[in-house]
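Model the placement of chains U and A on the given structure of chain Y, informed by the hints.
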Amino acid sequence: MRTKSPLERIRLLGKAGLDVCQALGRSTLFLFHVLAGRSGLGNGLQLLIKQLYFVGVLSLPIIVVSGIFIGMVLALQGFNILSDFGSEQAVGQMVALTLLRELGPVVTALLFAGRAGSALTAEIGNMKSTEQLSSFEMIGVDPLKYVVLPRLWAGFISMPLLAAIFSVVGIWGGAMVAVDWLGVYEGSYWGNMQNSVRFMEDVVNGVIKSVVFAFVVTWIAVFQGYDCEPTSEGISRATTRTVVYASLAVLGLDFILTALMFGDF
Amino acid sequence: MTDHEHAVELKGLTFRRGERAIFDNVDLVFPRGKVTGIMGPSGCGKTTLLRLIAAQLRPEKGEVWVNGVNLPTLGRGALFDMRKQFGVLFQSGALFTDLNVFENVAFPLRVHTELPEEMIRDIVLMKLQAVGLRGAIELMPDELSGGMKRRVALARAIALDPQILLYDEPFVGQDPIAMGVLVRLIRLLNDALGITSIVVSHDLAETASIADYLYVVGDGKVLGQGTPDELMNSDDPRVRQFMQGTPDGPVPFHYPAVDYRADLLGSR
Amino acid sequence: MQSRTLEIGVGLFLLAGLLALLLLALRVSGLSAVGSGDTYRLYAYFDNVAGLTPRAKVTMAGVTIGKVVAVDLDKERYTGRVTLEVDRAVDNLPTDSTASILTAGLLGEKYIGISVGGEEEVLREGGEIRDTQSALVLEDLIGKFLLNTVNKEGQ
Chain Y
1 MRTKSPLERI
11 RLLGKAGLDV
21 CQALGRSTLF
31 LFHVLAGRSG
41 LGNGLQLLIK
51 QLYFVGVLSL
61 PIIVVSGIFI
71 GMVLALQGFN
81 ILSDFGSEQA
91 VGQMVALTLL
101 RELGPVVTAL
111 LFAGRAGSAL
121 TAEIGNMKST
131 EQLSSFEMIG
141 VDPLKYVVLP
151 RLWAGFISMP
161 LLAAIFSVVG
171 IWGGAMVAVD
181 WLGVYEGSYW
191 GNMQNSVRFM
201 EDVVNGVIKS
211 VVFAFVVTWI
221 AVFQGYDCEP
231 TSEGISRATT
241 RTVVYASLAV
251 LGLDFILTAL
261 MFGDF
Chain U
1 MTDHEHAVEL
11 KGLTFRRGER
21 AIFDNVDLVF
31 PRGKVTGIMG
41 PSGCGKTTLL
51 RLIAAQLRPE
61 KGEVWVNGVN
71 LPTLGRGALF
81 DMRKQFGVLF
91 QSGALFTDLN
101 VFENVAFPLR
111 VHTELPEEMI
121 RDIVLMKLQA
131 VGLRGAIELM
141 PDELSGGMKR
151 RVALARAIAL
161 DPQILLYDEP
171 FVGQDPIAMG
181 VLVRLIRLLN
191 DALGITSIVV
201 SHDLAETASI
211 ADYLYVVGDG
221 KVLGQGTPDE
231 LMNSDDPRVR
241 QFMQGTPDGP
251 VPFHYPAVDY
261 RADLLGSR
Chain A
1 MQSRTLEIGV
11 GLFLLAGLLA
21 LLLLALRVSG
31 LSAVGSGDTY
41 RLYAYFDNVA
51 GLTPRAKVTM
61 AGVTIGKVVA
71 VDLDKERYTG
81 RVTLEVDRAV
91 DNLPTDSTAS
101 ILTAGLLGEK
111 YIGISVGGEE
121 EVLREGGEIR
131 DTQSALVLED
141 LIGKFLLNTV
151 NKEGQ
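Here the protein sequences come in this chain order: Y, U and A.
First residue of the first sequence? That's 1 in the UniProt record's numbering, and the numbers climb one at a time after it.
First residue of the second sequence? That's 1 in the UniProt record's numbering, and the numbers climb one at a time after it.
First residue of the third sequence? That's 1 in the UniProt record's numbering, and the numbers climb one at a time after it.
Treat the hints with care, since some could be wrong.
Unchecked claim - Using 35 Å as the maximum straight-line C-alpha spacing, the simulated DSBU-like pairs for lysine-lysine come out as follows:
#1 Lys-144(A) / Lys-75(A)
#2 Lys-50(Y) / Lys-11(U)
#3 Lys-15(Y) / Lys-34(U)
#4 Lys-11(U) / Lys-145(Y)
#5 Lys-15(Y) / Lys-61(U)
#6 Lys-84(U) / Lys-145(Y)
#7 Lys-57(A) / Lys-110(A)
#8 Lys-67(A) / Lys-110(A)
#9 Lys-50(Y) / Lys-84(U)
In case anyone wonders, no lab produced these hints; they're calculated from the structure.
So that you can see chain Y by itself, here it is in the shape it has in the complex (with noise of 0.2 Å):
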């Protein structure tokens, strides 16, 4: 390796910085062509539907799986603490609220990330590289509105479903493990839940969040294919790119809701 002059390396610095501006700006730049203007497509719905099931349905087995076996972790974990303190009744509460409030949103969101965003990037950088992107302009349609924007519209819709079915099946997960196994008096696990958990404040914030997330996770993965450079090697990087953003950008944004959500200012 050749040695760098400290000249050098804060002009790499400031390339860098450069670079990071420019891609902010592509990526605005792009969200905004792909939502203004005419739409102009009549199969729009046609569109919607068919990318919900890749993004929406082909990701249920996933969140299913791992909602369930965090509840029943959760469960598990909560029950051995709380037996401490003598108040194991109280697991259900304890499950359902880190649920709804953190676990639901955040690990959708970085599964979603995994599978449906890497597809949409690998998908999308795919069709540039094969020049079908480049073709649909040709025929004079346009492929933010014909290929990007159903995309972004499926991520958008399908997240938050997805955050739901896993808090539903975690919380359904957890009381497996806490009422069948651990004995936990059913009555007390629900009642407790209810009692503790505000529609409002717990449901109505954790649906909040999959919605801010949904919309970041999938611009990031739609903009990262749209702009891969349009090679295999391309397409790999970007899909990679697509995963590491995305679980940083959710992990950072969690932060900042939840501080405006349940911190108090």
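This is chains U and A only, laid out in the frame that chain Y set:
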């Protein structure tokens, strides 16, 4: 005002990628109803030129006149309308992978016309018959060979009866039979439909056999132009090197480097 | 048909998602569809409401008959004012009933228990429960206990 005799005319076109000038003040004219070939070594920007003509890229300077309209001045919406006049055959065919052959060819018709289903079917069958693949309508793109893909893509490109057809490297990676089929199709479509064809390629023999007029581009400039026969006997050493395929010449065999001896000894 | 199964799949997915949201609303957060039309409001003033929060249960003989909708300070009396919503069905609470703030278990949540009085007259919409018993504050209790012990030792 531009001469309407020419379907496409490029004036003073300059395009840069980073520091490198891909095209530097280039003038090209594509006469109506003829097959014009653009040839040049790999990486000289032939595909870029097609994208400039189709206004998928914006030139840094210069004008792109298509049927009397200067494309770089148009907005996004007007461009999409303008593009209906073009048919493009991409290098890879660029068939939509999730649609079958029939739907691929029908796609432009469905988007741009309100035709009833039976009429769309008739048109699609006619176009597929023209490229000899009427029997393949139910197949998916990944069940087709490379040559068949390109023929389906050609059928799709002519679905809306465009006035200008752009071919991006139509002969690359084809076996001799597929190549012969494509050569015949390009010529046939041009003559039968009165289309203006622009073929970008580095396959010398095939392009020369169908083109009425040829441009040789390289180093961001037009190196030579003329009918295929004229170019074969060109005096320009760079044109001759390309036309005859000699390994060393004005385009050197070696990538620019420091002196070989100095490099070997200097590393010790 | 391929697109048919696809559409059915999407339909089922959307249904499952909405059902999950509904379950979260009803089963998990205990949001009931019962509107305020079926309840009437009562007020109770406490010297100390420590820890009582809106949505806490209101019970009578251990049966939930309503919930707390608001806890605020009455600026004139310097006491905590608790607004209760009680089921219309329970319309025979005597005016001298007692409301006390109780705790579920040693550290559990606070709720209001109402014990019945003997008057003929019953509480109506906007009525006030006069006889109240404040929350049990553990610190006060311990303080009193210690004081008692010290006093006894002094004697």
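Status of each hint after checking the structure:
In summary, the hint linking Lys-144(A) to Lys-75(A) is supported, as the alpha carbons are separated by about 28 Å, within the 35 Å threshold. A distance of roughly 45 Å separates the Cα atoms of Lys-50(Y) and Lys-11(U); the hinted pair therefore is violated under the 35 Å criterion. Our distance criterion of 35 Å between C-alpha atoms is broken by Lys-15(Y) and Lys-34(U), whose separation comes to about 48 Å. Among the hinted pairs, Lys-11(U) with Lys-145(Y) is consistent with the structure: their alpha-carbon atoms are about 33 Å apart, no more than 35 Å.
Restraint check for Lys-15(Y) and Lys-61(U): the C-alpha separation of about 27 Å stays at or below 35 Å, so the hint holds. Taken as a hint, the Lys-84(U) and Lys-145(Y) pair is honoured in the structure, with Cα atoms around 17 Å apart against an allowance of 35 Å. For the hint pairing Lys-57(A) with Lys-110(A), the CA-to-CA distance comes to about 8 Å; that is within 35 Å, so the pair holds. A threshold of 35 Å between alpha carbons decides the hint, and for Lys-67(A) with Lys-110(A) the separation of about 12 Å falls inside it, so the pair holds.
Proximity of Lys-50(Y) to Lys-84(U) is assessed by CA-CA distance (about 27 Å); at most 35 Å being required, the pair is judged to hold.
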